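Student: So the chains spell out like this:
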Amino acid sequence: MRVSIVQGGGLVPIVTTTIADSASLSHENAEALRRKVEEAGLFGLSAAGGDRHPDRPSYEITVEHDGRQNQVVLDDAALPDAVRSLISWVGSVPGHQQRIGPPGRG
Amino acid sequence: MTEPATHPCCFILPPIVLAQVAEEGNARDRDAALKTLAASASMRARRTVVQQLGLTVAQFGALRLAPPGERRTVYDMKNRGGNGLPGTKVRGEGDPPTDDVAVNEAYDGADHTYDFYKDVLDRSSIDDDDMELVSSVHYGVDFDNAFWQGTQMVYGDGSGQFLAKGSLTRDISVIAHEMTHGVTQFTAKLRYSKQSGALNESFSDVVGSLVKQWVNKETADQADWLIGEGVLGESLPGVALRSMKDPGTAFEFDDQPAHMDAYQDLPDDNNPRNDNGGVHINSGIPNKAFYLVATALGGHSWESAGPIWYDTLAKKLSENSQFTDAAEATVASAQERYGEDSDEEKAVKSAWKSVGVL
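Order-wise, the sequence lines are chains A and B. Numbering-wise, our numbering puts 100 at position 100 of the first sequence, and it's gapless, one number per residue. Numbering-wise, our numbering puts 132 at position 132 of the second sequence, and it's gapless, one number per residue.
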């Protein structure tokens, strides 16, 4: 399983791409990733944004697993707690990768 | 029973009838009508926001009426995010400081910004009708951001990686920046996309810097012209979020242009990579124009260039205004304030030409 999270649009003019791939995680964390993705219900979510507010970030979350891929774009205000927890976890789990760049090139 | 999605608020007497009573009634009726008109105007402004945003009853509560004057309220999100705003009330107007630094900084920063708008620009709060200044701190877990949510300011704690922990309420330019997004919402309503969005961002940076200069009593030459000085975390080497003096130099990934030659025409396609069409990128161009005007005129920026920009935001721009609209409108504002062929008008024209807009 591979989870990629692109975040942008916030007060800080950067785009961050954070990736957690089961192949690069410990067995325990790979299982935790699978569980958190399941709890987040990402395969059932559709894009949600609502009204646009200055400096409020949005997230593109891509999950690849067993040949399936699902991608959603969510505004920060539309994040279910389980998705917020997944984003936080992916950004801190040992073995994750992260890229930083300016908007348009990040 | 589920809570209604939005809060209904209606008025029985139309404003024209109240105005007639105010004009023709006896002293007691006139006083009552004037108070109702004032409240109605305030409520209509709030109703517009409520309808635009589809607020819940709880969120609408943050907009409730109260006596005029400065009203600051700070809430604690206790590291929750999303729809829990505004959170738990921890400090209201006139309350003593708490043990929480972020709460006190948000309270004091709102105070400085309110005072700036009132004393310098003769504006009464965000809506010019003494709207309550609502701030929520400790939003999310290690949240590297602050934003304007449509009715209030929201501050994360910073993770230490991208933004220093506790930094978001520390710098007055960040607080004034977010509050000015609210002012823009109630004035020009600049659409948060591409050039109009970059103007929206730039006006917030302009006032962010002006409030900092006003608090520090700095002249244009003494100011650092930085937005969010010292807020960056360990993964973003640099000095600030943005430099109005030298766009593109504030930190390692700062890609702001200072001239139309380097304008980045990013799509507004709901892709987080593209920053709503580069609103935080291309704002470097109008930012630089303001810096050039302020330093050309010298002295205190809030007494010279600041009022020209504020007049433009409050009276001349609209939802889809572009850079050239802003340039022409600031020239017109300078003429109205200082006269044709005044040094101020010349400085404004020269600045927009320098950045390639005129």
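It is possible that part of the hints are untrue.
Some chain A residues near chain B, calculated using beta-carbon distances under 10 Å [what the hints assert, rightly or not]:
{"id": "1", "residue": "H27"}
{"id": "2", "residue": "E28"}
{"id": "3", "residue": "S58"}
{"id": "4", "residue": "A78"}
Okay, the calculated beta carbon distance ranges per label pair [said to hold, decoys possible]:
{"id": "5", "chain 1": "A", "residue 1": "G101", "chain 2": "B", "residue 2": "T219", "range": "32 to 40 Å"}
{"id": "6", "chain 1": "B", "residue 1": "D122", "chain 2": "A", "residue 2": "Q71", "range": "46 to 54 Å"}
{"id": "7", "chain 1": "B", "residue 1": "E252", "chain 2": "A", "residue 2": "Q69", "range": "37 to 45 Å"}
{"id": "8", "chain 1": "A", "residue 1": "N70", "chain 2": "B", "residue 2": "E252", "range": "54 to 62 Å"}
{"id": "9", "chain 1": "B", "residue 1": "T219", "chain 2": "A", "residue 2": "E64", "range": "35 to 43 Å"}
{"id": "10", "chain 1": "A", "residue 1": "Q98", "chain 2": "B", "residue 2": "K165", "range": "13 to 21 Å"}
{"id": "11", "chain 1": "A", "residue 1": "Q98", "chain 2": "B", "residue 2": "V239", "range": "19 to 27 Å"}
{"id": "12", "chain 1": "B", "residue 1": "M260", "chain 2": "A", "residue 2": "D81", "range": "41 to 49 Å"}
{"id": "13", "chain 1": "B", "residue 1": "T88", "chain 2": "A", "residue 2": "G67", "range": "30 to 38 Å"}
{"id": "14", "chain 1": "A", "residue 1": "Q69", "chain 2": "B", "residue 2": "D221", "range": "53 to 61 Å"}
{"id": "15", "chain 1": "A", "residue 1": "Q69", "chain 2": "B", "residue 2": "D95", "range": "47 to 55 Å"}
{"id": "16", "chain 1": "A", "residue 1": "Q69", "chain 2": "B", "residue 2": "P237", "range": "44 to 52 Å"}
Hints were generated in silico from the structure; no laboratory data involved. The structure displayed is predicted, hence computed values, not measured ones. Don't be surprised by glycine CBs; every beta carbon is placed ideally from N, CA and C.
Student: Against the structure shown, which of the earlier numbered hints fail to hold, in ascending order?
Tutor: 1, 2, 7, 8, 9, 13 and 16
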